[in-house]
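Number of protein chains: 2
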Amino acid sequence: MLDLAILGLLHESPMHGYELRKQLAVKLGAIKAAISYGSLYPTLRRLQTAGWITEAGETPADDAAVPPLTSRRGRVVYKITAEGKERFQDLLDRVGPEAYEDSAFGVHFAFFARTAVDVRLRILEGRRRKIEERREGFREVLARAAERLDAYTLELQKHGLEAADREVRWLEELIANERKNNKEG
Amino acid sequence: MLDLAILGLLHESPMHGYELRKQLAVKLGAIKAAISYGSLYPTLRRLQTAGWITEAGETPADDAAVPPLTSRRGRVVYKITAEGKERFQDLLDRVGPEAYEDSAFGVHFAFFARTAVDVRLRILEGRRRKIEERREGFREVLARAAERLDAYTLELQKHGLEAADREVRWLEELIANERKNNKEG
DNA sequence: GGGCCGATGTATCGGACCGATACATCGCTA
DNA sequence: TAGCGATGTATCGGTCCGATACATCGGCCC
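Chains as they are written, first to last, in my numbering: chain U, 1 to 185; chain S, 1 to 185.
Rather than coming from a laboratory, the hints here were simulated on the basis of the structure. Treat the hints with care, since some could be wrong.
Identical copies carry no separate label here, and so any pair may be met within one copy or between two of them.
Simulated crosslink set (DSBU-like; lysine-lysine; CA at most 30 Å straight-line) [said to hold, decoys possible]:
| # | residue 1 | residue 2 |
| --- | --- | --- |
| 1 | Lys-183 | Lys-79 |
| 2 | Lys-32 | Lys-22 |
| 3 | Lys-32 | Lys-183 |
| 4 | Lys-22 | Lys-180 |
| 5 | Lys-32 | Lys-130 |
| 6 | Lys-130 | Lys-79 |
| 7 | Lys-158 | Lys-32 |
| 8 | Lys-79 | Lys-180 |
Using the sequences and the hints given, assemble the complete structure.
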């Protein structure tokens, strides 16, 4: 998941870790909290080892005269490689059922602008189906067992039902739009 | 987090792992997906080692005549201990900022029926503050950088804003209710 | 001038939690 | 009677988080 997000951002422009995290927090803000450094830096190293990104060395030392006693560790700027771009497209296209899960869906959606139309539709419809099932779960609980639940659990179920319902409608809209643009374009 | 959820459920009645997971899926359905066995069973063992739960042995072998060749491993029913109940109350009462986070908030809320009024209010207000901040974030992005975002990212931000807005209003309602009942009761 | 603080920046470690997998039993139905 | 889906316990590898550490830089107040 992080792989996709990081490759996607670096695809737009080279960046160092800190910046990456901030941009990610904005881009995925609606979906999940900012990712932690405990995930980010190890992942960056892994991506680098895999050859999908490289260090692009921030303005390489024109102040080499400065004694390296306090080994001045500056920012590390990463950029995506050609292999990285391939890998990115691969991750975008090869969508399994995971793509409908809460976290993965958000990341995929965030890069829809770079995703093929049919893949977009497949993801949106899969997601819709999933949320519909979730909604059905809430309905059943509320219909069959409402009297056995305490007030707060009940409230949580109702809130969940409402949220699911709204997400389904949101997805319907997006799907309709996608289909329309698909025909017109 | 799991500790709280499991102790809470076992506080209501003894249960075995599988059942625990199902009940949890219902109780927390609005918040998070069902917890995995890879989390559940290790946690059960941990809670048992800590002395907070014990095995309550499903109707202890009145069929001891059956040869134990196929070491018939039946269901393992767990029940909460006195120490476990103390621990549960402790977890309910000692609320730090984690309790406002997405996952933790849901679990805390699910056991509000067993939570003191002032603690309930503190959690609800903390949560509201947190979501208000999130909402503010969306507003700022939309106001300051909308033209620089692609259509999908924009859509995600708008959806996030709306969801945050609705959650704040939901929390307002709950808080108002809590205050009213507090005075009346 | 000097000290402090918050933002910027890289990095690690332990632990929480998940997804896949394995394996066994039970009751139903084809 | 064979197969299948639900029930049930359990482990393993891997992803990701939260806390923590440490260093620099700019601005602010005294």
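Verification of the supplied hints:
| no. | hint | verdict |
| --- | --- | --- |
| 1 | Lys-183 - Lys-79 | neither (36 Å within a copy, 60 Å between copies) |
| 2 | Lys-32 - Lys-22 | both (13 Å within a copy, 25 Å between copies) |
| 3 | Lys-32 - Lys-183 | neither (33 Å within a copy, 37 Å between copies) |
| 4 | Lys-22 - Lys-180 | neither (34 Å within a copy, 41 Å between copies) |
| 5 | Lys-32 - Lys-130 | both (18 Å within a copy, 14 Å between copies) |
| 6 | Lys-130 - Lys-79 | neither (35 Å within a copy, 34 Å between copies) |
| 7 | Lys-158 - Lys-32 | both (22 Å within a copy, 15 Å between copies) |
| 8 | Lys-79 - Lys-180 | neither (36 Å within a copy, 57 Å between copies) |
When the structure is compared with the earlier hints, violations turn up for hints 1, 3, 4, 6, 8 and for no others.
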